[in-house]
Amino acid sequence: MNSLKKQLYKYVNNPLDPNINFDLGLEYENIGQTAAALSFYLRCAELTEDKTIAYESILKTHKCVAKQTRRPVWEQEQLITALTHLPQRPEAYLLLSLWHSGREEWKAANSYAVQGLEIANLNLAPLKSDVGYPGHYALKFQKAFTCWWVGQRDLSIKLWKELFKDIHLLPKDKYYEVILNNCKNFDIIDEKQYNKLTQE
Amino acid sequence: MLNNISQIAINNGGSLTPLIIPSELTDGTGLCNVSLFMDGDELLANIRHVHYTLYHSEFDQKFYCKWGVLAYLNPEDDLTLTTGNYLCKLDRKTHEIKEFINVDTSKNDIKPIWSFVGLEDARVIRWNKTLYISGVRRDVKTNGEGRMELCEIDWKDDSCVEKTRERIQHPSQNYLEKNWMPINDMPFHYIKWTNPLEIIKVNTKDKSTEKVQEGILPTISCDTVITKKEELELPWDLRGGSNVIKVDNQYMCITHEVDFWHHPGHFKDAFYYHRIVIWDKDWNLVRVSKQFQYMATRIEFTCGLALDGDDLLISFGYQDNASYIMRWPKPLLEKLEWEDLNKIRK
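Protein chains in written order, with this note's numbering: chain A, -7 to 192; chain B, 844 to 1189.
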């Protein structure tokens, strides 16, 4: 029996268990069946009494539909639903900032990045699954990026410098590459440093 | 009410299997409302692919989305609710999909002019050696009028083409005619209404055409050929669901009922319930189950019922987002709750 079917049987024997619903959503998400995944994540959100799990489940519904593309209005509102449910957590701020910067709505993108850094509690334990939040550095990245577009260019460069200072702590993901590029473009690092870090 | 009969199945010799078309072909949107047909040694299925994701908030309904607790998340740059169909061959032991192919309807398509596009809830059936799918289409008139269509299918190794498409016209028809249940062993007969029973027969030689805004539709007539006066007092209409199959010399199908309402603020919501209905060979009502649900959720829909050996096979959609086939050994019918017909006859 494959892992999806095993999890399905767990669900059938206990359909009101929020964690089992969540895990069945994960099984479907892992194979790209995002509509099915949404059903079970949403049930988890409604069933659980744990606010963090509900928040994570709502962000998962967003991730599923975002993967389907072409539903941006719903995406934005679902992120606002998550943010409203648990404004102490940072993930929804980042995702809303990304949503707006993807549309070159720089003021809103900047606002959510700043709110994420200023209002959210960055000491909370990470969520247990991938909702599209790689770490707090992504919020700082969004702030640096959007500051440039809202006229706060000195602050933007200061933030790129801070991000570079901690670059050794970051995973080599898409953020890492852009940070290095921007640091090179703003003469924060020279060509030699750039080449060394990108070739590592 | 039994709200999770899948639990009875998997713990009593039955099984439950997810039916999946790769997400590369569907963008991950919903697969639902599977029809079944035992075609000689082959178990055929038709899986409906809806190009949306259904959002249905249940229980305390804390998480309304932008469009309420029940919303169709269609692409926001395409406000249609579009359906496609995949015909499949299932492994009779595991019920997993062995082969699947998208039904190519391009030969008969005309420009859709209403928001529900495509052949919905198609049932697969072979009558007189010809393979058909038969469901409702609502996209040819600006008012969304729905009519059952009978579509001949030419399925070869590498193609599956809708060869003909005929719109079935009944002398007395409503704005929306859908969910007629094809009777497997009575070619071209459908149950149009279950309570009281009305069976129609398609007049295969009475073909005509109807001109509509975007083209000309081939049509075919039908007439009511069997009616029964016996009527039950039930909370909602019994609407069609599965094919009608013969089991132990009796006719059997699965119906659905909908409790549909609006929350304050005009946000729509719905519960769906199902029943097994059994008639004798002369179409006298024998048994009607009490309402049940499959997997403890509020929106489910059955299009599929087949018999493989001593197992009933039942297929259903879960919130329009996922589809399943359940093996239900015949003796488990006694684990369902059954109506006392003497108490509910009108």
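Please note that a few of the clues may not be correct.
Derived pair list, reagent style EDC-like, types lysine to aspartate or glutamate, alpha-carbon separation capped at 16 Å [claimed, not checked]: (1) B/K954 to B/D1001; (2) B/K1054 to B/D1000; (3) A/K157 to A/D122; (4) B/K1054 to B/D952; (5) B/K984 to B/D903; (6) B/K1186 to B/E1076; (7) A/K(-2) to B/E939; (8) B/K1021 to B/D1000; (9) A/K59 to A/D122; (10) B/K905 to A/E97; (11) B/K972 to B/D997; (12) A/K150 to A/D165; (13) B/K909 to A/E69; (14) A/K59 to B/E919; (15) A/K43 to B/D903; (16) A/K59 to B/E988; (17) B/K905 to A/D146; (18) B/K905 to A/D158; (19) A/K59 to B/E867; (20) A/K(-3) to B/E939; (21) B/K941 to B/D1000.
Rather than coming from a laboratory, the hints here were simulated on the basis of the structure.
It should be emphasised that the depicted structure is a prediction, and the values quoted were computed from it without experimental measurement.
Each hint tested on the structure:
1. B/K954 to B/D1001: Measuring from Cα to Cα gives roughly 26 Å; hence the hint is violated.
2. B/K1054 to B/D1000: Not OK: B/K1054 and B/D1000 at ~35 Å, beyond 16 Å, violated.
3. A/K157 to A/D122: Status violated; Cα separation ~26 Å.
4. B/K1054 to B/D952: With Cα atoms ~14 Å apart, B/K1054 and B/D952 stay inside 16 Å; holds.
5. B/K984 to B/D903: Distance ~39 Å between B/K984 and B/D903 Cα, so the pair is violated.
6. B/K1186 to B/E1076: Holds: B/K1186 and B/E1076 sit about 9 Å apart, inside 16 Å.
7. A/K(-2) to B/E939: 14 Å, holds
8. B/K1021 to B/D1000: 31 Å, violated
9. A/K59 to A/D122: Answer holds: A/K59 to A/D122 is near 13 Å, not above 16 Å.
10. B/K905 to A/E97: 30 Å, violated
11. B/K972 to B/D997: 12 Å, holds
12. A/K150 to A/D165: 21 Å, violated
13. B/K909 to A/E69: 6 Å, holds
14. A/K59 to B/E919: Measuring from Cα to Cα gives roughly 14 Å; hence the hint holds.
15. A/K43 to B/D903: Cα-Cα ~14 Å, so holds.
16. A/K59 to B/E988: Violated, at roughly 34 Å.
17. B/K905 to A/D146: This hinted pair is violated, its Cα atoms lying about 43 Å apart.
18. B/K905 to A/D158: With Cα atoms ~40 Å apart, B/K905 and A/D158 exceed 16 Å; violated.
19. A/K59 to B/E867: With Cα atoms ~11 Å apart, A/K59 and B/E867 stay inside 16 Å; holds.
20. A/K(-3) to B/E939: 11 Å, holds
21. B/K941 to B/D1000: 13 Å, holds
Of the numbered hints given earlier, the model fails hints 1, 2, 3, 5, 8, 10, 12, 16, 17, 18; all others are met.
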